[in-house]
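Heads up: the protein sequence lines correspond to chains A and B, in order. Residues 0 to 225 (numbering that gives the first Met the number 0) make up the first sequence, in order. Residues 0 to 108 (numbering that gives the first Met the number 0) make up the second sequence, in order.
Treat the hints as calculated values from the structure; they're not laboratory data. Watch out, some of these pointers could steer you wrong.
Facing chain A, from chain B, some residues (calculated, C-beta under 7 Å) [to be verified]:
hint, residue
1, Met0
2, Leu17
3, Arg20
4, Gly95
C-beta: ideal position from N, C-alpha, C; glycine also.
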Amino acid sequence: MFREGVRDCGPMTIGISAWGLVAGVAMAKSGMGIPLAILMSLLVSAGSSQVAVLPLIATDAPMWVVWATVACVNLRFLVFSYQYRPYFGHLPRRRRVALSYFMGDTIFATFLRRYPEPKREPGQVDYFWGAALVNYAAWQLAVITGIVAGNAIPTEWGVGFAGTMALLALTCTQLRSRSTWIAAFVAASAAVAAYALPLRMNIVVAIAAAVAFGVLAQHARPDAAR
Amino acid sequence: MSTLEIFLTILGMAAVTLLCRSFFLLPEQDLPMPRWLREGLRYAPIAALAAVVAPEIVMTQGHLIHTWRDARIFGALAGLAFFTWKKDLFGTIVCGTGVMLALKFGLGW
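All chains, full assembly: derive it from the sequences and hints.
Here you go:
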């Protein structure tokens with residue numbers, strides 16, 4: 000089953016590598032230096048969060064604002080962990096946490112396509128490890144290559160803009176319904192309007208406003224939800 | 000931020016990320032997912048991403064840009080158009096960055 004996991008994740012590595020390269024270049028251009036950028040990639044291993052915090056770190060946002068932003072970007076993982084429970088809930092806690100570290104978006108999609116029924120089956124853990132290790136290796140290799148290569152490109156070229164474009168594209172992938180459009184619009188407007196707030200609090204204000212408007216919009220037109 | 004602050008920020012990010020990834024796998028008993036959480040979760044990621052990216056595109060040094068000759072705007076528009084057309088993440092990044100660089104170096108914006 001390990002091999003099957005490796006095989007199913009294989010074709011995905013092209014997309015993962017491309018995105019990893021961009022994330023790596025953006026991280027190199029943030030000015031945090033190669034060692035810290037590599038450390039962040041290895042420890043955090045979550046592309047969208049890594050790119051999302053770069054503008055915050057560059058503008059000296061307080062740590063808790065950075066962490067709150069990461070938590071919000073990562074909230075989708077809560078849903079993943081909930082859905083993994085039927086498959087991995089029986090394992091000892093230490094192993095559950097070890098598996099969790101590798102639970103990215105690609106693995107989730109791959110795993111649920113292979114095991115659509117939420118029940119235990121032999122070989123699932125091996126399958127997960129096969130897919131997860133291929134994914135992790137491809138991702139880290141690409142990010143670190145991007146960091147080293149990005150560091151060699153002069154900052155004036157403006158290649159760091161690739162990070163902004165990556166965030167924009169990631170935002171677009173989340174636009175699924177009318178209420179997500181409203182949430183995105185509210186968040187963008189509020190973040191710009193409240194930019195003068197100290198400590199990059201505009202991000203916190205924008206997220207709170209957008210979640211409130213999103214939920215309101217959904218309840219105002221229940222038929223349009225989802 | 001100083002190197003030490005960035006280092007601590009990274010440790011915190013790693014902890015927050017691992018907590019999110021393992022949240023419902025941590026307890027020994029199954030936890031129910033409350034409805035309010037499920038609803039709020041739908042909007043938090045897009046809110047955070049949009050809030051971070053919007054000022055990066057339309058602001059300079061804390062002020063709204065007041066010229067339409069800004070390469071970033073057109074780069075972003077090109078990226079958005081590409082995404083609408085192909086729904087491809089990597090293509091969007093390359094297209095948007097390419098247009099931005101072309102305007103910046105081609106026209107000197």
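Hints, verified against the model:
no., hint, result
1, Met0, "holds (6 Å)"
2, Leu17, "holds (6 Å)"
3, Arg20, "holds (4 Å)"
4, Gly95, "holds (4 Å)"
No hint from the list above goes unmet by this structure.
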